[in-house]
Amino acid sequence: MTYLTIRVPNWPSSALRRRGRRAAKSRWIYLVPATVFLGALAIFPLVQLARLSVSDVQVQNLNSDWPFVGVRNFIDGFSSGVLSQSLANTLVFVTIVTVVGLVGGIAAAVALRGTAKITGVLLAAMVFIWALPPVVNGSVWKFLLADDGLVNNVVNLAGLQSFPFLYDERYALISVAVVNAWAVIPFNTLVFRAAVLNVPVEQFEAAQLDGATPAQEFGNVILPALRPTTIVLAVLTIVYAFRSFDFVYVMTKGGPGTATQTLPYLSYQQAFVGYDFSAGAATAVVAVLFVLILAGVYARSVLKEESE
Amino acid sequence: MTMVRKPTSPITIGVRIALAVVYLVPLLWIVLTSFKDGADVIGSSTALFFRPTLDAYRNALSPELFTALGQSTVIATTATAIVLLIAIPAAYALARVRGIVPTIGLSVLIVLQMVPQTATVIPLFQVFGSLRILDSNTAVILADVALMTPFAIILLRPFFRSVPPALEEAASVDGASSFRTFRSIVLPVVRNGIATTATLVFLIIWGEFLYAVNFFLTPGNYPLSALLAQQVSSYGINWPGLMALGVITSVPILVLFLFTYRLLKEGLTVGAVK
Amino acid sequence: MHFSSFVSRRSQTVLSFTALGVASALALAGCAPAGGADSDDNTITVWHYYSLDNQNAMLDQYKSEFEATNDGVTVENVYVPQDQLNSKLIAAVGSGTGPDVVVFDGYSATTLTSGGVLAAITDEWSGFDGADQIAEGAVTTVSGDVYSVQGYVNTLGLFYNKTILDELGIEPPTTVDQLEDGMAKATAAGHQGITLSGQPDVQGAFQAFPWLTEAGFDYAKPNADALSEGYARVRGWIDNGYLSAQAPTWDQNVPFAEFMNGNTAFAENGNWQLSSLESDATFDYGVVPLPVGTTGKVYLGGEAEGIGAFSKNPALAWKYLEETFLSKAGQLVALDQVGSLPTRADASADDSISADPYLSQFAEAIATQGAPFPDTIIPPENNEAVINANGQAWSAALGGQTSPDQAASDLIKVLEPLLQK
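Chains A, B and C, in that order, give the protein sequences.
Start counting the first sequence at 1; every next residue gets the next number (the working numbering).
Start counting the second sequence at 1001; every next residue gets the next number (the working numbering).
Start counting the third sequence at 2001; every next residue gets the next number (the working numbering).
This is chain A alone, in the form it adopts within the complex (with noise of 0.2 Å):
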C-alpha cells in the first residue's frame, strides 16, 4: 500500500546504505532526553529499591543508616511460605487478566471498529469506567458481586444458590482478577481498535472479493496485523497485572486471610501496613525478576524483528 507514487531513482545500494547509516548515527540524539530524563527519576528510585531489598530496614531507621544483610529478606519469605504463596496467587491473577484482558480487547476492537452511533455510545461508556478510579470500579462491583447483590439476584433467578464470590478462598482471587481485566479491557480496545483502523482498507475489499466469511476475515486479514499490537499490549498488561493491588485493596484486602494477597498487595502491607520496608523491598524485587524473564522474551522477539 502506499499513499503515494514513489519513482525510487537508480542509486548504487552501497549509496543508499551509507545514507542510511548516518541517518540512523543522528537518531541516537533522539534517544537522549529519554535517557537523562529517566536516569535522573527513574533510575534512583529503582536502585534504592535494590538496596532496600538487601538491607534490614524498619521504621526505626529508615532516614538513617541501612545494615546490609544479604539475601536474608529472600530467604526468609520463601522459607515461610509467604513469598511463595503469593507467586502462586499472582501468577493466577496475572494469567487470568491477561487473556481475559487481551482477549475482551480484541474481541471489542473489531466489534467496535465501525463509526456508527451504537459503536461511539459504547466507547464512551468503556473509556469513562476506565476513566473511573479503582475506588469507584472495585467498590461497585463489591455491591454487585455481593449475596445480595445483582449478579447473585440473577443467579437466584436462575434457579441456582448465591456464589461467594468475594469471601470464598477460591472464587475471591478468580473475581478480583476477572474484575481488574474488566477495568483494563477498554484500554486495549482502544489501542487495538486504533491498529485495526490502520489496516488498509484494500486488504479487506480484497478479502471480500475473495468471498471470505467474517470468520476468515478476522483470521487472514485482522489477526496477523495485530501481531505487534498484541505482543506489545501482552507485555504492558502482564506488567499492570504484576503491579496492580488497587482492586485488591478495595474489594477485598488481601483476603479472606491472604487468599487473594498478591506480590504488590504484599509488598504494600509489609512496607506501608507493617512498616518492614526491606521485606516489602524484596517482595516487590522478587516481582521485578519475575518480569525479567518476560522481558527478556520479548526483547528476543525484538531481536527477530530485526533480523526480519
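Treat the hints as calculated values from the structure; they're not laboratory data.
Any given hint could turn out to be false.
[Claimed, not checked] Where chain B lies over chain C, by a calculated footprint (3+ residues, C-beta under 8 Å):
#, segment
1, 2050-2058
2, 2076-2087
3, 2140-2153
4, 2250-2258
[Said to hold, decoys possible] Residues of chain C clear of chain A, computed beta-carbon distances all greater than 12 Å:
#, residue
5, Asp2071
6, Phe2283
7, Ser2327
8, Gly2370
On a predicted model such as this, the values are computed, not experimentally measured, just so you know.
Here a beta-carbon is modelled for each residue, glycine too, at the ideal position from N, C-alpha and C.
Start from chain A and add chains B and C according to the hints.
The following block gives chains B and C in isolation, referenced to the frame of chain A:
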C-alpha cells in the same frame, strides 16, 4: 473512500450486547447511587426505587472542587506534553536503531514499569525535598513524567515500526534532513498512535493519586484524585458523594475522548486520500 | 517524483497550539500554587485525616476558638487521606520537614515515634495541669519519654435492635452465652443474628480482640488455646447462620449499615456510629457493653495527638493542644460534635454523658473493659506487624481459609519473635 458496509455478523452483535451489559450496568449503578441519600445505598429494597436527591452533587460542587479541577488540568496537560516530547523521539529511535540497543532499552523500560509506585514515593520525596520543589506542581509533574515515559515509549514503538522505511529513504534521497524527514514524513503517519498514546497518558495522569497526595504539603493544591480519597475513611464511606465525584471527575475525560475520537475519524479519511 | 504535502495546514496549527500550550502550562506549573506555607512564627499546620462532616466541624471549632484567643495566630488544617498519612509523615522526616501538630490513628503512636515523626513532649506534659485528669492508657510513653496523648477515645459496644428483642422477649445480654441464645432466637424468627467486621487488617483485629480476650488470650502470656477458642466461637456463629459468611469482606461500616436496615438483632460496633443511628434509625435501639466477661477487653481506639519532630513552632503547637484536644472544654466539643468520649476525668463526669442512655454505656465499657491500643507489652517497632497478623488470622478463621486451631497456631508462630524485646 469509505469502508464498504456489510451486514454485521451475529458474533459482532453478541459481543456488543455483552459489552453493553458489562459496562452499562455498573455505569447505571454508579449514576443511580450518586442520586441517592446515604441511607438508601445498602439494602436491596432501595436498589432501584428511592427518592432521588441532588445532595451529593450539591456538596461536591464546592470552590474546592474547581481548584482541584484546575490543578488536575494543569498537571495532566503539562505532564502529557512533556511525556510526548521525550517519548516520541525515543520510540522512533528504538524503532529504527539496529543492534543490541533496542533490546536493552526495552528491557530497562519494562523493569522501570515494574517498580511499584509506592516504592518510588519515598526516594522521590527526598530528591524533591533537596531540590526544594516540594509542595509545587513541578514536583508532581516531574514524577508523573518519569512514571509514564516508559509506558509511552513501549506503546509508541510499534506504530513507528509500521512506517515503511522506503518512505524515509525516499525523502532523504530527495535531500531532506533526518529531522525534517522525521517531522514531516514520519510523524503524520503515526498520528493515530500518537493521539491514542497521548489520550491514554493524559487519562492515567488525571487519575494519578499517590504522588499528588504525598508531594503537596499545604491545603489547596490537591487535584481531583485526592478529593475522591476524602470520601473514604475507616469511619465511613460517603457512597453518594464518592459516586458523584467519580462522575464529575470522569466527565472531562469523556470530553477529551470525544475530541480525539473525532480526530481519529478524520485521520482515517486524510490518510486515504490519494 | 512527486509526493503530496503531508504537513497540512491543520497539523501545523495543531502543533503550534500545542507548543504554546506547553509553554504556558510550564510557566503556570512553575508558580507556587495558592496557599503556600507561611514560614513565619504565627502559623501552625495541623495534619489530619478527618473526612466526616462532624469531625471537620470539631476541627474547625478548635481552629476558630484558638485563633480568637491567640491574636495574630493562624491554624492551617491540612487533610491527608487516612491510608497515606503515616507514610507521608515518615517520608517527610527524611527531608527534615513535617507539620506542627499531628492528629493520627492512635495505635500508630509507637510506630511514628520509632520513625522519628513525633517530638518528645515529656517536659510539656509534666508542666500541664490537666495531666492528672487523663488516664495513663491514653498517653503513649516510649523509653521514658511522652510522645502523644489521646484527647478522646472511641471504642466498641454491642448495639441491639430493641424492636426485635422486645418482640422475641430477649433481654440485652450480659454474658456471651446469653448473646448466643439471643442470636439463635432471632435467626429462628427470620432475622440476622449479628454483624461485625472480619477484614484482614487493623479493623478486623480491633473487632476480634473482645472475643479473644473473653476466651482468655493475653499478650503477656500468649496461648494458642485461647485464640483457638475465640476463633471457633465466632466461626460457629457463621456456621449456625447468626453471622453472614461475608463478614471477612466487611470493614466496620458495612456491618453497621446492614444493622441499620432493621433486620439484624445485634451489631458489634463503635460509638462513632451513634449520630447516624439517631438521625436515620427506623427502629428502637439500645447499647450495652460487649458481654465479654471478666477477662474480656475492648481497645481504646480513636485518634491521638502529638507535635511534629520538625515543627518550627513547638511551643505554639503545644499551646494549641492544651487549649483544644486536651482541655476540658475542648474534649466536650469532641463529645458534642462527634460523640467521642473524653479521656479527662472531669470531662467524663459531665452530665451529658451520664444522662445519655447510650454514651453512658460506652463510658462504662471504657471504665471496665478498656485496654490501651497499642498494647504496651508489644515492642513499639513491631506493633503494626502484630496487629496485621492478628487481622489476617481473624479473617482466615472466619473465612474458612484455615481452621480455628490452625489460625491460632499460625498466629502464635508469627507473634513469638515479634513479642520478644
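Right, here's what the structure says about each hint:
1. 2050-2058: The restraint on the segment 2050-2058 of chain C holds, since 4 of its residues have a Cβ under 8 Å from chain B and three suffice.
2. 2076-2087: Answer holds; 9 residues pass the 8 Å Cβ test.
3. 2140-2153: Three-residue rule not met by the segment 2140-2153 of chain C, so violated; n is 0.
4. 2250-2258: holds (count 6)
5. Asp2071: holds, 37 Å
6. Phe2283: The claim holds: C:Phe2283 sits with its nearest Cβ about 19 Å from chain A, beyond 12 Å.
7. Ser2327: holds, 31 Å
8. Gly2370: Consistent with the label, C:Gly2370 stays out of reach of chain A, its closest Cβ about 25 Å off (over 12 Å).
In terms of the numbered hints stated before, the structure departs from hint 3 and from no other.
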